[in-house]
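Asker: One letter stands for each residue in the lines below.
Protein chains: 4
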Amino acid sequence: MSTPLNLGLIGAGRIGRLHAEHIAFRIPNARALIVADVNEMAARACADDFRVKFAVPDYQVIIKSPAIDAVVICSATHTHAQIIQEAAAAGKHIFCEKPIDFNLPVIDKALEAVERAGVKLQIGFNRRFDANYARVRQAIASGEIGQPHLMHIISRDPAPPPMEYVRNSGGIFLDMTIHDFDMARFLMGCEVEEIYTAAGVLVDPDIGEAGDFDTALITLKFTNGAFGVIDNSRQAVYGYDQRVEVLGSKGSVSTGNNYPNSAVVSTAESVRRDLPLNFFMQRYVESYVSELQQFVDAVLQDKPVSVTGVDGKIPVIMGIAARMSLEENRPVKLSEVRW
Amino acid sequence: MSTPLNLGLIGAGRIGRLHAEHIAFRIPNARALIVADVNEMAARACADDFRVKFAVPDYQVIIKSPAIDAVVICSATHTHAQIIQEAAAAGKHIFCEKPIDFNLPVIDKALEAVERAGVKLQIGFNRRFDANYARVRQAIASGEIGQPHLMHIISRDPAPPPMEYVRNSGGIFLDMTIHDFDMARFLMGCEVEEIYTAAGVLVDPDIGEAGDFDTALITLKFTNGAFGVIDNSRQAVYGYDQRVEVLGSKGSVSTGNNYPNSAVVSTAESVRRDLPLNFFMQRYVESYVSELQQFVDAVLQDKPVSVTGVDGKIPVIMGIAARMSLEENRPVKLSEVRW
Amino acid sequence: MSTPLNLGLIGAGRIGRLHAEHIAFRIPNARALIVADVNEMAARACADDFRVKFAVPDYQVIIKSPAIDAVVICSATHTHAQIIQEAAAAGKHIFCEKPIDFNLPVIDKALEAVERAGVKLQIGFNRRFDANYARVRQAIASGEIGQPHLMHIISRDPAPPPMEYVRNSGGIFLDMTIHDFDMARFLMGCEVEEIYTAAGVLVDPDIGEAGDFDTALITLKFTNGAFGVIDNSRQAVYGYDQRVEVLGSKGSVSTGNNYPNSAVVSTAESVRRDLPLNFFMQRYVESYVSELQQFVDAVLQDKPVSVTGVDGKIPVIMGIAARMSLEENRPVKLSEVRW
Amino acid sequence: MSTPLNLGLIGAGRIGRLHAEHIAFRIPNARALIVADVNEMAARACADDFRVKFAVPDYQVIIKSPAIDAVVICSATHTHAQIIQEAAAAGKHIFCEKPIDFNLPVIDKALEAVERAGVKLQIGFNRRFDANYARVRQAIASGEIGQPHLMHIISRDPAPPPMEYVRNSGGIFLDMTIHDFDMARFLMGCEVEEIYTAAGVLVDPDIGEAGDFDTALITLKFTNGAFGVIDNSRQAVYGYDQRVEVLGSKGSVSTGNNYPNSAVVSTAESVRRDLPLNFFMQRYVESYVSELQQFVDAVLQDKPVSVTGVDGKIPVIMGIAARMSLEENRPVKLSEVRW
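Chains as they are written, first to last, in my numbering: chain A, 7 to 345; chain B, 7 to 345; chain C, 7 to 345; chain D, 7 to 345.
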């Protein structure tokens, strides 16, 4: 094997540790040299657990290190854009967790910095790499189901996040639906023109008091004439519910949930199986490995990344339009979102 | 067994023959005495095939016959309201195919006649009697899935109807979606307040030239705070696609399609099964028997019918609102529909 | 429609009433003229419920009636062979419930009488007409799965029959497995050469005390070189479990159980569905209609029946061989069964 | 984390490389220090790919190295027993691929050496660690399905192995069925008393010329009174078919195959999904990780291993009995297998 890609990991929280584990054990042609976290203890623990050589409190160490080829940004959302700019200026390739930012001018500034520097930027929309969604994309892209007409995206969390998380999440449309907005564009292979949102607070009144929503149906009109609907809930008590269905002119494709096993138990009461996987880290673990592997390969072989900065920006526009639609109770065109 | 209910069948077309067959062979406590159709040959054939004593061209023979206890109206839609009024005036109980009419004042006049006469009127929303939908209703009504939050109704025809049918159908919302509007109310157990329609012509341009649509996503806001979406297409090439899914606070319930057999064939190419049942008469045959059996029992035992005249009227209001929403591209409240 | 076939129904018990109902309501080109049962009250009730003109205690009335074209024999097993002979001698076509008899010389005598008389005889192996099994047969006969190699037949009752039934049933192999023996031959399209039986009493010790077994695995060697296993249990607490799976050189085909609905309920406990249909009359109702319809058509159109007298005899030979194998704990060739 | 377990890997073929990869990337508390293979190139490649420090041609280097805590034996079957004895004598814990040997006295000698030395020995019956089978075991062990009555084990390869492999495999019963024999004992939680084998050559005549079989149905009688059947084929053209079903007094449990994705595609031809995983390394990859993790943990924490030497020996006895049954065409008791 040739020299592995040297990565600097910025942020050693839940998602940072996930990437660190994958870099250590699942991605042969990369290694994490430095991990940075303002919480130095967290950086240290991450380094110890996942074979990272150095742990530091200040991510600038990574930016400035000539040994580092690329950064993996897993810090708090409000820091993403600034770190992207600094990393780009230092000539580092960048993998950044979604969302880039909630503010469109801020996103634009980051993307401009990336373009100026000529470095690669991949956004962490991991679900594109999931085997189920990839198969749906293939069914559409290959013409297996003909021209797409109607799309359903079901995306439900097993339980609401802590209220503190809710308050800083940017709202359900920018926190949760953003994945589904990306999925809609990715699967359909074209853009969304107009969004209509119906949403309410049916799960937890505290979410409403925080100004957010926990239940939504979001209608999408695509530029290719097709229609889609995103179904979001903060609470599917049976587990993490992540499915998609697309009807086309020559057929349909649909996916189911992932389960811990395939066993079916039949008793005098019911024919039943165990609950679907309950947590995004279990459900999507392989997609997290694949996205980072793809990024590493793109850098090493100088190939285009598959989730670009623009792919990171458009779902934010969609989230803003979705919220606008809800507040004004009318369909909103993406072109109405100004900055 | 006590005396069977004596029925007069008005209309010997496709749906009339279906009811005639069920009355002859599946419903022990009823018999069809007279069948009327303006096409006397059709009436005669129906009588011969399904053991009906008399075949006549004029439905007034049925209305005036003292031997007839109840009428089953399967004639063209524009004749329904008039026949309802005459049958009610003659003291006959009435089973009427959907829709009562496309015109709300005309519906009101018919319903008033029924009320005045004190006869029973049941509308032919047969799907309520289908085992799958009945099980979904039970899951909601019994609290098995808690408070309902989100509903998906998938309702797709295998292929578009003939253009002549399309032109006289009243449009997709009053012809096809009307079943789904009824289903939404029935399953949710409450009313719809507001409708938003996204629709287009993706299947057949001729449908668009006739001023109709073939593909639609219709968002519903229910009075209980829940949200629903109806997915309609005139063309699901794999067969008649009729499913529903409801997410509630304590779980979800979903149904699949009905298949001619349960066989799964695995070869070097794929793991596959035969296509779902392709036609509404196969898919819903048992529900047609059940609805008529329920009507016959309601008359014989003087019990309330389960699909009332109001149940026949509200989906028409919903169809009008859906069309208005599409034309004005905005959510429309049912209360905006005036007559 | 031409003149319907006039049937005489012999035996007005559970299965006789089932056929009577189908003749009355589901089979347009036949009618039951006379029903006979030693229990005259039962004959009378059957006649009243299912539009049969005459009810008599003595089946000879049917045999002697010139109006009768064919008999449907649903009486006790030990009377089958005698009635077959008498009906054949009288020139009546014969539909006879399985088994013809438990005694091979007695069966031979009955089949000889049928042959002499040149009448049609169809044996009531209804499952061949079930949509699931018919699809499996098609997959084999059409070459869809290539040459068959391995077959599993799962055939489990929901609960053991009453002990009185067990004592007069001829034993599990002649009462229950006999259907599966027929199915094995029908699906495979060739004969069984050798049988090995492993069986025990695991469900109810009373069955063992009556000299019978309630749980069995029966290995079959077919003349085409393939192997099969029949899985029998008198108790599958979740319902009537009736499935088959065949592996061939080009693929496999398998069937599932039939359910009252397709609804799946997901809660915090499990993903579950309602139990399979629990009783053979529900599970196989359509196959009962089809077999009798096929018999009626075969007589009216003078076509061969699809389940012949020999098809009725061979499963009895197999049942005897299965029992012999169990008693001697060794594989037994069908050619060892002598009479 | 405390000091990892130092492993010596003996054999760098397909399965050796699999374990090497898992040790390198999936098992945090172990590392492979030395890999030995008579083919030194293979040892070197394995070391390079999976971070193993030393690559040697002679496994004795491992046995003699004081740095090595335990050996992982993946060499050719005929070398297993000798290496076990040497490793045990050197005080190394042992993970050994199945089978220990085909010769029972040789197995006994190896197991005696292990016992004398007081080291741990775990046999590589990885399927016990598969999530599906583990769930079935749980359903039985917990009483969820009551007392087990009937068991089906379906175990089919996608395609026959190369003829050279067949000739040295020890025959289908000791090569392929041995996994299913282990599974039968593991799931049922008791021993098999008697075996009856029906088998033939239906897939490839060359296999028959080599004196082996490619298609088999093997009936098992368990000491608890239950019955089981193992279904083996060297060719399931649709993929690796690995399922189990157990009927008990309170219900049943069954598992399905594992698929690369959950997508269902419906077109005008069929409702289909992609083929099941085609190769044991994909299908069982997680179970290989788990078994080795369990071994490492058992050594580090001085706990009993879950697949013992006796668990390695009994399936060989069963394989010999299965072959004897086939040759003599009679049920054979395990107690008849003498050595």
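A hint or two may mislead.
A pair holds if it fits inside one copy or across any two, identical chains being indistinguishable in the list.
List time: in silico EDC-like cross-link candidates among lysine to aspartate or glutamate, alpha-carbon distance up to 20 Å [as the list claims (entries may be wrong)]:
no., residue 1, residue 2
1, LYS319, GLU342
2, LYS256, ASP210
3, LYS256, ASP280
4, LYS339, GLU199
5, LYS256, GLU275
6, LYS59, GLU46
7, LYS256, ASP212
8, LYS339, ASP212
9, LYS319, GLU197
10, LYS319, GLU121
11, LYS104, ASP212
12, LYS319, GLU199
13, LYS104, GLU118
No wet-lab data here; the hints were simulated from the structure.
Here the structure is a predicted model, which is why all the values come from computation and not from measurement.
Asker: Could you place LYS104 and ASP212 in one of the four classes (within, between, both, neither) given a Cα distance threshold of 20 Å?
Answerer: Answer is neither: 25 Å inside a copy and 44 Å across each miss the 20 Å cutoff.
Asker: From the Cα coordinates, with 20 Å as the cut-off, is the pair LYS256 and ASP212 best called within, between, both, or neither?
Answerer: Only across copies: LYS256 and ASP212 sit 19 Å apart there, 45 Å inside one copy, limit 20 Å.
Asker: For the identical chains here, do LYS339 and GLU199 meet the 20 Å Cα criterion within one copy, between copies, both, or neither?
Answerer: within (6 Å within a copy, 24 Å between copies)
Asker: I want to check one pair: LYS256 and ASP210. Are their C-alpha atoms no more than 20 Å apart within a copy, between two copies, both, or neither?
Answerer: between (41 Å within a copy, 13 Å between copies)
Asker: Please work out whether the CA atoms of LYS319 and GLU121 approach to 20 Å or closer within one copy, between two copies, in both situations, or in neither?
Answerer: within (14 Å within a copy, 60 Å between copies)
Asker: Should LYS319 paired with GLU342 be assigned to within, between, both, or neither, using CA atoms and 20 Å as the limit?
Answerer: within (15 Å within a copy, 39 Å between copies)
Asker: Under a CA distance limit of 20 Å, which applies to LYS319 and GLU199: within one copy, between copies, both, or neither?
Answerer: within (15 Å within a copy, 35 Å between copies)
Asker: Within a copy, between copies, both or neither: where do LYS104 and GLU118 come within 20 Å Cα-Cα?
Answerer: within (17 Å within a copy, 59 Å between copies)
Asker: If the cut is 20 Å between Cα atoms, do LYS319 and GLU197 qualify within a copy, between copies, both or neither?
Answerer: within (13 Å within a copy, 39 Å between copies)
Asker: Cα distance capped at 20 Å. Does LYS339 pair with ASP212 within a copy, between copies, both, or neither?
Answerer: Result: close neither inside a copy nor across copies, 30 Å intra and 28 Å inter.
Asker: Quick one: LYS256 to GLU275, C-alpha cut-off 20 Å, is that within a copy, between copies, both, or neither?
Answerer: between (40 Å within a copy, 10 Å between copies)
Asker: First find the shortest C-alpha distance between LYS59 and GLU46 inside one copy, then the shortest across copies, and answer within, between, both or neither for a cut-off of 20 Å.
Answerer: Intra 14 Å, inter 32 Å, cutoff 20 Å: intra-copy only.
When the structure is compared with the earlier hints, violations turn up for hints 8 and 11 and for no others.
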